[in-house]
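Participant: Residue-level listing of the chains:
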Amino acid sequence: MNALPRAIDLGVIGCPVCGLVCRTLPGDAQLDGDGVDDDMACPRCHSYLRRRKTNSYARTWALLIAGFLLYIPANVLPIMRTASIGDIDDNTIISGVVELWVKGSPDLAVIVFTASILVPMLKFLALGTLLISSQRGSDWARPQRAKLYRLVEFIGYWSMLDVFVVALLTALVRFSVLSRVEPLPGVIFFGLTVVLTMLASISFDPRLIWDGRNTDD
Amino acid sequence: MTEDSHVEQDPPPRQELPRPVVERRRFRGSLIWLVPALAALVGLSLVIHNWLQAGPEITVSFQSAEGLDAGKTPVKYKNVVIGRVKKIHLSADRSHVLVGVALDKSAKGFATEGTRYWVVRPRIGLGGVSGIDTLFSGAFIGADVGESNQPEDEFTGLESPPSVNHGALGRSFVLHSSDLGSLDIGSPVYYRRIQVGRVASFALDKGGQGVSLQIFIDAPNDRFVTTSSRFWNASGVDLSLGANGLKLNTQSLAAVLAGGVAFQDPPGPHDSTAAPEDTSFKLFGDRETAMAPPDGEPHYIRMRFDQSVRGLAVDAPVEFLGINIGKVVSVRLDYDEKTQKFPVVVGAVVYPQRLGSAYEKLEALAKARGENPDLSRTMGGLIAQGLRAQARTGNLLTGQLYVALDFLPHAAKAAFDPDAKPLTIPTAPGSFDKLQEQLADIVDKLDKVPFDSIGKHLDETLAGVNATLKQVNGQTLPAVKDTLHGVQKTLGSANEALSGDSPLQRNLGATLEQVQRMARSLRVLTDYLGGHPEALLRGRRADPPPAAQTPPSQPKAGSKP
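Read top to bottom, the protein sequences are chains A and B.
Just so we're aligned: the first sequence equals residues 3 to 219 in the numbering used here.
Just so we're aligned: the second sequence equals residues 10 to 570 in the numbering used here.
Keep in mind that the hints are not guaranteed to be accurate.
Stated by the list, open to error - In silico DSS-like pairs for lysine-lysine, Cα to Cα no more than 27 Å straight-line:
hint	chain 1	residue 1	chain 2	residue 2
1	B	K336	B	K347
2	B	K291	B	K215
3	B	K81	B	K95
4	B	K479	B	K465
5	B	K81	A	K105
6	A	K105	B	K95
7	A	K105	B	K96
8	B	K430	B	K336
9	B	K114	B	K96
As the list claims (entries may be wrong) - Here are some of the chain B residues that sit facing chain A, going by a computed Cβ distance under 7 Å:
hint	residue
10	L26
11	P27
12	R28
13	P29
14	V30
15	I41
16	W42
17	V44
18	P45
19	G52
20	L53
21	L55
22	P65
23	F145
24	A148
If you're looking for bench data, these hints aren't it; they were derived computationally from the structure.
All residues carry an ideal CB built from backbone N, CA and C; glycine is no exception.
Next comes chain B alone, as it looks inside the complex (with noise of 0.2 Å):
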């Protein structure tokens, strides 16, 4: 429309138009291709970047994807991310997951053998509380890495976290033990009640006759670790009724319900060289085994008991003169044809170094003489002086056993051949059997005793005391009657003779008064002569006039001589 009227006007003619001013460009080149090149450059730059960034792809297998998010889960090693979890799968099998990861560049070291991945999630055990932080961020994968330099991408992951990392300072040491008890992967182990260390990971011996625990003590603490440091299982709660009263020991809670390994040098001199690494100890089952001396090479020896040996069970102590040297390993029973008996067969191990330096100079003399040192002579001698092996009752209550290895003062002389292995070792009845062997003794001895004709005898003597006591009745009492009645008329006529109003007494009574009159006359006589002694020459004077002063005189005429 617009131009259609344009056209229409009549436009101003072409030269009377104005020239625009004209200005010549020096640059003609166009610089907007700058722009695309520059995008170029930044989209090359990413793509190098993200290309140099990429490192190796390797693939963990897990028992379990769970918490794992393909794109999203990142691999840690000490909190700093190395990698990220690419893709899961399954394996071809279905039995785990296979879990991609793509590593940083700078992760490259981790792709080599002997690196541990493991999937960190919370875990709540009664050693402690891990991983609290992936509650809320989510599992991640951990990494620790090994030494070898040798390229590897595929991984087997662990399913729990390694307790030890690589590179921690310290030392590892192996514990062998029969079980591993309550024992597991990070369970502590203390050193005078502190925690130095820990259980790093346990197998099963080859022949599965053991278990073999690694673990891994921190520095600096493990120069505590001597080559003569004893081991031993500090779970659960030891308690023992000794002389000093009842004991309970315990390492911390935690251990007695985590349990947990101790470890420390044994009393006494000791090697105290710090062990190297990887040194194998023996885990004790409690301390008081572990500070024992060492127990040396065990022998075997093997008892015939000829007695019941009810209540002796393997594993009762062997003891000599009440020295624990050993324990019972086995009991079975024999037969023996030409006694028709049934012999019971102990087999028991005995550690002679418990004996300590009576053994060292048993050994000493058994090498001195020339003998084989494993002292199968001396014990030939032992057993001439009456060395005797016993089952003894250890417990009254529950009729428990132990074999007493004890020098018997009468014992009947025995068969011992120092060549036989094993050894055997004679035995008497126990002290238990023998009190009952004494009771019988005695029994038997009652028996002997002639009742019957004890009996004979006196029933005969007693029908003699009988006809005696007959005799007596008969003849002796009535006379004896006849005496009482003679005396005892004799004792009336005294009655008679002494009674009141007999002449006898009649008599006596005057008598006595005359006496009595005879002896007042006697003292007046005195008392007067006393008084006037001239009265003997002159004879009696005429009693003077009783006077008032002759009383008081005469006390004075009294007191002067």
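Chain A extracted, bound-state conformation (with noise of 0.2 Å):
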């Protein structure tokens, strides 16, 4: 069976903003995302029309990759001293969980670890599944490949749980001598960890996932 045309067959873009739908010729640009296109703009409002999100493959690749490479020494390094009297306690992610795991708040930590380690490592096995399938144009599960890719969008935010939580102890506990939270250098890379999955779930197109497809479901 045909697959039904899309926009790319038809030849024709539609513009993300004003609406306006143009003709392309063929030789205006390739069809996937990884080709370098040439910018091509909506002779109406001039906002920049693209068939689908410039690079797409190559920046969620490499931001992944790069978010990927931070997650190591975010999980590795020390995101949070707390000194009380005397005592100086750093503590990484995971140590930071084994702490209130141990400690009797057995919730929290299930949270903390939900949001700083299961989350992300998520994430990461969402979009590599997501890349990997789009770009072999595998037409296995496309809508719940849809679906995961929309949740991954979604629950991206939350994965700043700790970085909140280091902030806003830093902020708070501040008694001197008493009691003191400072933010070490593993919070930074874990923001940026973040930050770049987010970006990477960003510029992954949606529509590639559909791109490979021949036959309708």
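Each of the two chains sits in its own frame; use the hints to bring them together as a complex.
Facilitator: Listed below in structure tokens is the structure:
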């Protein structure tokens, strides 16, 4: 069964701003996101016209890899220093979770674990899966993959939880000698990881999921 | 759905749609790969930094890991963190704790031979309080680097902080003592009651006969330690009763409680060059003995006492003419087969140098005469002059004895062998013994008095006296009685003659009356003759009639001549 035509197949492109539909020629640009597009502009409102997000695969891959690289120091380096009278405690994400669990707040531990470890890891996995499957033009579980992408975009913000916790504690717990919370380099890496994965998920074009499609389901 | 409806509507022909404005791009490369490259660079730089920062890993063994926390406890030198405890585990034989420490790269010099590690914990002692800050911050491991450059990664941790840090300015010295007393590591060292150093370490001598203490004197006060300095144990209270009254001598209260060492130069001329590092000194028990002139070489002498030496104990003083020159070191009982007696052999150590210039003179004389320098010949001469050892009572209350070497004027000749080792000094009974002897002598003499015959003679004499008295009673006394009778009679008649109504008495009265009358008429005559001297020639005139003027004229006439 033949696939239903896409805008590309019809040689048209819609302006995302003013909605004007333009005619494109096959030589204007290539189809997939990996090729380097010439810049096309809407003749009416002069906003950029894109068939797909520019260079989507490369950008997503690059940002994802950068995020993953920074995720390593984010976990290895301590993110927060808690100094109470005389006792200085440096915590990495994992040790913080373990400490919370051991000291009798398993609920908090689960929340922190989910937000700081599980979600980033799942994001890496999900985006990687989406990228690989899309690049291969696989037609496996497309609607589910589209849903997965929306989920990834949605939960992306929540990964900042740890960074917020550290920022909040640093601002609030300032009793000089008695008790003090200081951010440590790890939290910067963690924040960068979260930002990069969010950028990666933004630069991924979900239309690529459907691009390899040959049949309508 | 939308797609379907889209399809259903008639789209405008493709040719009617406007064409987008196309701008050809000059740069066709993608800069996005710079982001992961940068991330990789950052990660790599972290790894490299970490790798560069990683210093040597060392293992320190401690008795206990009390207060230590893997991953947290820092290692500090001068309160600068130079490393951190990485892991703590027991040794294979479970006798101690092995603490793995990751030192910083900059602290490479601490992984060398001679570096000392110890756990700083709060310590409260008599000498002071230390490590109070660790009450809150938790214990940390202190480090003190040595001099060696030899790398080393196995260390034995000290159980207490070293009292002297490496590189501290000052000098250390060695003190030898018979026992440690109340001293401890960190005990203060005083110079004129100012603390100038402390005891760094102590150890038993190899043979176990004494204790060697290492002390450290801080600069600049270390220059006060001279080659002739005397060290003494300043702990405790020195209470002495002297001719000047009761005297209490102590260092600071801390020294009294916790012990301490004091030093000072001896009085009088002495060598005052600063002592070099690690000079050995003797640690005296108290200031007095420390300040005494040096004893020089000890000489062992032996004395045999034939009488009991009850009260003579080891360490009792040996005095020569009242000067303490040594002490008793042994008191043993011997048996003499010939006399079947139990003499007491007393061994003593004497320091002839305590005699001062006397000893020097004697020594010079002995040398001049070419005798052996240990003065045994000179000793022989002195003994010939009556030098004897006596066990004398030093304290009448406790009966403590001391050995006195004195010249006895009437000492019996004694044999002396100058070549014997040790020298045996002849003895004489002590003064108390002598007193006893003399008393015994007196008793002996009293014994010899012939009280029996004296009594007999006395009895005979008394019998003679008795007979004499009887004779007196029988013959002499009656005669005396007769005589007395005669005397009484004589006295009676004399009495009668003198009584008031006796004729003698009466005659005497009349006679005296007549004499009185005669005297009166004689006066009248002389009066008259005085007024009328012519009456001697002319006789008495008739008395003139009494006139009023005569009486006053009489005194006139009388006063005129």
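Participant: If a hint holds in the structure, say so; if it does not, say that too.
Facilitator: Structure-based check of each hint:
The hinted pair formed by B:K336 and B:K347 fails the criterion: a straight-line CA distance of about 30 Å is larger than 27 Å. A distance of roughly 17 Å separates the Cα atoms of B:K291 and B:K215; the hinted pair therefore holds under the 27 Å criterion. With a C-alpha separation of about 8 Å, the suggested pairing of B:K81 with B:K95 holds against the 27 Å cut-off. Taking the CA atoms of B:K479 and B:K465, the gap is near 21 Å; set against the 27 Å cutoff, the hint holds.
For the given pair, B:K81 sits about 18 Å from A:K105 by alpha-carbon distance, which is consistent with the 27 Å threshold. The straight-line distance between the Cα atoms of A:K105 and B:K95 is roughly 23 Å, inside the 27 Å bound, and the hint therefore holds. A threshold of 27 Å between alpha carbons decides the hint, and for A:K105 with B:K96 the separation of about 22 Å falls inside it, so the pair holds. About 18 Å separates the Cα atoms of B:K430 and B:K336, which keeps this hinted pair within 27 Å; it holds.
At roughly 18 Å between alpha-carbon atoms, B:K114 and B:K96 fall within 27 Å of each other, so this suggested pair holds. For B:L26, the suggested interface contact is upheld, since its CB lies about 4 Å from the closest CB of chain A, less than 7 Å. Restraint check, B:P27 versus chain A: the minimum CB separation of about 5 Å is within 7 Å; hint holds. A distance limit of 7 Å between C-beta atoms decides the matter here; for B:R28 the minimum to chain A is near 6 Å, and the interface restraint holds.
Taken as an interface hint, B:P29 checks out: its beta carbon lies about 4 Å from the nearest beta carbon of chain A, inside 7 Å. Satisfaction of the interface hint for B:V30 is found here, the shortest Cβ-Cβ separation to chain A being roughly 4 Å, below the 7 Å cut-off. The beta carbon of B:I41 comes within 4 Å of a beta carbon in chain A, closer than 7 Å, and the hint placing it at the interface holds. Annotation: B:W42 was flagged as interfacial toward chain A, and the flag holds, the nearest CB pair being 5 Å apart, inside 7 Å.
Because the smallest distance between the Cβ of B:V44 and any Cβ of chain A comes to about 4 Å, under 7 Å, the interface hint for this residue holds. Interface restraint check: B:P45 against chain A, minimum CB-CB distance 4 Å, threshold 7 Å, status holds. The closest approach between the C-beta of B:G52 and any C-beta of chain A is roughly 5 Å, which is under the 7 Å cut-off, so the hint is satisfied. For B:L53, the suggested interface contact is broken, since its CB lies about 9 Å from the closest CB of chain A, more than 7 Å.
At about 5 Å, the closest approach between the beta carbon of B:L55 and any beta carbon in chain A falls short of 7 Å, and the interface hint on this residue holds. Proximity of B:P65 to chain A is violated relative to the hint, the smallest CB-CB distance being about 22 Å (cut-off 7 Å). Nearest Cβ of chain A to the Cβ of B:F145: about 3 Å, under the 7 Å cut. The hint holds. Taking 7 Å as the C-beta contact cut-off toward chain A, the hint placing B:A148 at the interface is violated, the least distance being around 11 Å.
Checked against the numbered hints listed earlier, the structure breaks hints 1, 20, 22 and 24; every other hint is satisfied.
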